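Protein chains: 2
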Amino acid sequence: MTLTLYELAAKNIQVSFSPYCWKIRMALAHKNLTADFVPLRFNELDTINFSGQSKVPVLVHNENTVSDSWAIANYLEHTFSDSAPLFGASSTLALSKFVNHWADTILAPAIAGLVVTDIYANIAQCDREYFRESREKRFGKTLEAITQHRDVTVHEFRKSLAPLRTTLQSQPFLSGNAPAYADYSVFGHFMWARNISGFELLDKDDSICQWRDTLLDAFEAMARNAPRSPIIGES
Amino acid sequence: MTLTLYELAAKNIQVSFSPYCWKIRMALAHKNLTADFVPLRFNELDTINFSGQSKVPVLVHNENTVSDSWAIANYLEHTFSDSAPLFGASSTLALSKFVNHWADTILAPAIAGLVVTDIYANIAQCDREYFRESREKRFGKTLEAITQHRDVTVHEFRKSLAPLRTTLQSQPFLSGNAPAYADYSVFGHFMWARNISGFELLDKDDSICQWRDTLLDAFEAMARNAPRSPIIGES
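From first to last, the protein sequence lines stand for chains P and L.
Mapping of the first sequence onto the working numbering: position 215 corresponds to residue 215, and the numbering continues sequentially without gaps.
In the working numbering, each number is its position in the second sequence, counted from 1, plus 235.
Any given hint could turn out to be false.
To be verified - 27 Å max Cα-Cα, derived DSSO-like pairs, lysine-lysine:
(1) L:Lys394 <-> L:Lys376
(2) L:Lys372 <-> L:Lys290
(3) L:Lys290 <-> L:Lys376
(4) P:Lys141 <-> L:Lys394
(5) P:Lys141 <-> P:Lys11
(6) P:Lys55 <-> P:Lys137
(7) L:Lys290 <-> P:Lys137
(8) L:Lys246 <-> L:Lys376
(9) L:Lys439 <-> L:Lys394
(10) P:Lys159 <-> P:Lys204
(11) P:Lys159 <-> L:Lys372
(12) P:Lys55 <-> P:Lys11
(13) P:Lys159 <-> L:Lys376
(14) P:Lys11 <-> P:Lys159
(15) L:Lys372 <-> L:Lys246
(16) L:Lys394 <-> P:Lys55
(17) P:Lys141 <-> P:Lys55
(18) P:Lys141 <-> P:Lys159
(19) P:Lys159 <-> L:Lys290
(20) P:Lys55 <-> P:Lys31
(21) L:Lys394 <-> P:Lys159
Derived from the structure by calculation, the hints contain no laboratory data.
Remember, predicted model here, so these are calculated numbers, not experimental data.
When you get a sec, could you build the whole thing from the sequences and use the hints?
See the structure below:
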C-alpha cells in the first residue's frame, strides 16, 4: 500500500498550512495510515494536473487519484474500513458534512481576514504576486487593508464561533466523547492559522482552546510539533 | 400517556411561532406523538413557573416536566425509544448539537434582524411593550431601525446560510436521506419567520427552498397548514 498526499507549502517548505490538507493529515493519523507528503507551492500546482483539477490536497493510492478533502476523507473511510471510523453511522456522515461546510464557508474566510498578510509574509517569494493578486481580487481591497484593524475585527470573529464554543461546552468534541472527522474539519482551519501566523485567534479563556489543545496533543502531538512559519509580531 | 406542550402564541393565539417550540412540534410528529398544546403570550409565562424557569417550550409528560428544546428532544428520544430516532448513533447526537447551536446562535439573531417589526405587529397588544423594550435593549436600537434596510441586509443573511445551502446541494436533508432532529432544529427558525412575517427570507432559486418545502409538506403538511399571522406587506 502506497499513499501519497500532495499538499500546499509555505515559504518554509516544511510548513503545511492548507486547512484542507490538515483535515486529511488528521484523517490519515486517525486511521493510523502513513503517506508520503509532497509539498507544493502555488506556482507548482501544475504538478497535480494529472488529477484533472488544480487544488490540493490530492491523494494517490495505488492506481487511484482522489481530489477534494471531503472526497478523500470518504475514500479513506471506505478503503480502510477496518480502521477507526471517521464518520460512523450514515446520519453521522451527513451531519459531519454540515460541520465541514460551516468550517469552509464561514470559518475559513473569517480566519483569512485576520491572517492573510501573515500568509503573504510566510509564503514563498515566487508565490507572492499570485497570492496578492488573487486575494486582493477576492476581498476587493489590499491585503494590508484586510487585516489593518484585526485587533478589533477579531472580536467579531470570536463571536462568530458561538456554535463551536457552545457545543464544546457540553461535550469534549464535536463528534462526542472522541474526535472524528467533524472535529478535524474545523481543526484544520486552526492549524492553517497556527502554522502561518502568530496572530492569536482565541481568547485564553475560550473553551475552544481546550479542544484545540487536545487535538494539538493527539497522535503524539503530531500537530503541535509540526513545523511552523516564523511568527509575525513575535520573536 | 398525556403529553402537554406549553408554547408561545402570537396575537392570533393559534399562531405558534417560537422556533424552539417548532423544533418540538416537529420532533413530536416525527415520533408520531400527539400533545395538548397550551398557547401562552409573553405576559402569561407565569403559567410555566412550575417548571422552575420562564421559557417555552415546556413539556409535561405524566409526572415529568422538561424545559429547553434540546432537553425535550432528548427526553422524547429516550422515553419513546421504540419510535423513529431523532438522533441515531451517539456521534450523530453530538453532531446534531452543533447544528442546533448554529441555528440558535447564528441563524436566529439574523432572522430576528429581518422580521422583528413583523413580530411586533403580530404579537398581542399586551405583549408589545415588553417585546419592544426587551428587543430594543438587545439590539441597541429601535425595532424600526433594526429592519429599516432589510431589503439590503437580507443579502448578507442569505450569504450566511452557505453551510446549510452547500450541505443541501449534496443531500436532501442535513441528516442525510431522511430528516431528523438536526433538520428540525434549523427548520424551526424558518417556521418562526413564516408564521409571524410575510418577509421572504430566501431567493426563489435557493436550494434551501426545496428542503423547506419538503418539511412544510411532511407529516401531512402539518407545518404548511399551520395558522399564520396576517402577512405584513401582502394582502
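Inset, instruction - Of all the hints given earlier, name the ones this structure violates by number, lowest first. - result: As far as the earlier hints go, 7, 14 are violated by this structure, in ascending order.
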